[in-house]
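Chemist: Sequence:
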Amino acid sequence: MTTPMKTLAWDDFRLIKAIADRRALPAAATSLGLNHSTVFRRLGQIEEALGVKLFERHRSGYVATPAGDEMAQLAERVDGDITAFARKLAGQEIKPAGELRVTTNDTLLVDLLTPVFAAFLAQCPDIRLDVLLSNQALNLSRRDADVAIRATDNPPETLVGRKAARIAWALYGRAADFADAGVVDIESLWEHNWVSLGEQFTALKAVRYLGQHVAPERIVYKVNTVLGLAEAVEAGIGIGFLPCFIADTKPGLTRLAAPDPGFSADLWLLTHPDLRHSPRVRLFLDFMAVELGRMKPLIEGALAISPRLSPAVEPPGAAS
Numbered sequence: 007m008t009t010p011m012k013t014l015a016w017d018d019f020r021l022i023k024a025i026a027d028r029r030a031l032p033a034a035a036t037s038l039g040l041n042h043s044t045v046f047r048r049l050g051q052i053e054e055a056l057g058v059k060l061f062e063r064h065r066s067g068y069v070a071t072p073a074g075d076e077m078a079q080l081a082e083r084v085d086g087d088i089t090a091f092a093r094k095l096a097g098q099e100i101k102p103a104g105e106l107r108v109t110t111n112d113t114l115l116v117d118l119l120t121p122v123f124a125a126f127l128a129q130c131p132d133i134r135l136d137v138l139l140s141n142q143a144l145n146l147s148r149r150d151a152d153v154a155i156r157a158t159d160n161p162p163e164t165l166v167g168r169k170a171a172r173i174a175w176a177l178y179g180r181a182a183d184f185a186d187a188g189v190v191d192i193e194s195l196w197e198h199n200w201v202s203l204g205e206q207f208t209a210l211k212a213v214r215y216l217g218q219h220v221a222p223e224r225i226v227y228k229v230n231t232v233l234g235l236a237e238a239v240e241a242g243i244g245i246g247f248l249p250c251f252i253a254d255t256k257p258g259l260t261r262l263a264a265p266d267p268g269f270s271a272d273l274w275l276l277t278h279p280d281l282r283h284s285p286r287v288r289l290f291l292d293f294m295a296v297e298l299g300r301m302k303p304l305i306e307g308a309l310a311i312s313p314r315l316s317p318a319v320e321p322p323g324a325a326s
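For reference, each letter of the sequence shown is one residue, going 7 to 326 in our numbering.
Check each hint, because a few of them may be wrong.
As the list claims (entries may be wrong) - Below, computed lysine-lysine pairings styled on DSBU-like, alpha-carbon distance capped at 35 Å:
(1) 169 to 302
(2) 256 to 211
(3) 169 to 59
(4) 169 to 211
(5) 228 to 256
(6) 169 to 228
(7) 228 to 302
(8) 169 to 256
(9) 256 to 302
(10) 211 to 228
As the list claims (entries may be wrong) - Cβ-Cβ distance ranges computed for the label pairs, FRET-style:
(11) 217 to 132: 43 to 51 Å
(12) 227 to 51: 30 to 38 Å
(13) 139 to 205: 38 to 46 Å
(14) 138 to 103: 19 to 27 Å
(15) 88 to 42: 21 to 29 Å
(16) 295 to 83: 29 to 37 Å
If you're looking for bench data, these hints aren't it; they were derived computationally from the structure.
By construction, the Cβ of each residue, glycine as well, lies at the ideal position given by its N, Cα and C atoms.
Using the sequences plus the hints, can you model the full thing?
Modeler: Rendered as structure tokens:
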């Protein structure tokens with residue numbers, strides 16, 4: 007008689023895990039690249055081979071039985087072992103060639119990183135970059151990406167890397183609206199219209215500051231992207247805090263106050279410990295560290311200083 011385990015393949019474990027995770031056959035089928043009927047048929051075949059029911063069918067979805075839950079947990083452990091093995095192989099590669107997956111956000115990519123990536127590819131033609139845009143931290147342990155470029159003061163302890171620069175933020179307005187001003191009267195800005203990032207960005211110090219110091223009716227425009235925020239200031243909707251590496255390159259914007267060190271965030275180059283000795287990863291991190299180091303004056307707000315500012319001018323409330 008054939009034992010049940012001999013009739014099962016790794017794909018069967020993946021299928022059970024997908025159903026357990028998503029609790030619905032259509033969603034599980036989509037995640038596996040299969041159609042609903044195929045998943046339904048294969049689930050029946052697996053349960054028949056094992057001689058046990060793996061899921062209870064409820065109105066709320068498919069709920070794993072103890073046997074189904076144990077099988078899904080085993081699949082999770084095996085998947086983790088396979089991923090760890092792949093990471094170690096990637097870390098032992100001899101030649102810096104192949105694909106490198108890099109995750110960052112749209113703000114850093116558009117206004118800072120794309121020319122640096124272009125220079126890297128020109129210097130390293132055997133490497134291909136797969137850039138993944140996300141404002142959420144991808145799981146480098148599962149090889150969702152090989153390198154993460156993030157603005158954060160608290161990089162994950164599970165990753166290793168280096169700090170490339172400190173991202174400065176300052177207060178900006180449309181240059182045309184402040185063209186005739188000498189030194190800006192800071193007190194007058196409280197009655198001005200302001201723009202801000204949305205509430206989902208309250209982790210950013212500048213967003214929290216506005217919520218605490220600017221009257222809600224004066225914040226006339228919110229948007230969930232820094233790129234859109236810069237465009238709003240440039241369009242004259244209101245004044246707002248922006249990263250200096252974005253705003254200082256736009257002729258239509260002008261600083262209304264010096265960068266506030268309290269709003270700054272570190273720019274990190276991060277990878278998984280198993281990948282730090284990979285020739286591709288090491289070459290990329292070294293290159294990025296050098297190039298971003300050259301751009302530190304722009305990133306840290308030292309390049310473009312508005313002639314109307316004096317050293318005594320501070321952002322609104324900076325002394326409080």
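Chemist: Give a verdict on every hint.
Modeler: Do the hints match the structure? See the list:
no.	hint	in the structure
1	169 to 302	11 Å, holds
2	256 to 211	23 Å, holds
3	169 to 59	52 Å, violated
4	169 to 211	19 Å, holds
5	228 to 256	20 Å, holds
6	169 to 228	30 Å, holds
7	228 to 302	29 Å, holds
8	169 to 256	26 Å, holds
9	256 to 302	17 Å, holds
10	211 to 228	16 Å, holds
11	217 to 132: 43 to 51 Å	48 Å, holds
12	227 to 51: 30 to 38 Å	56 Å, violated
13	139 to 205: 38 to 46 Å	21 Å, violated
14	138 to 103: 19 to 27 Å	20 Å, holds
15	88 to 42: 21 to 29 Å	26 Å, holds
16	295 to 83: 29 to 37 Å	36 Å, holds
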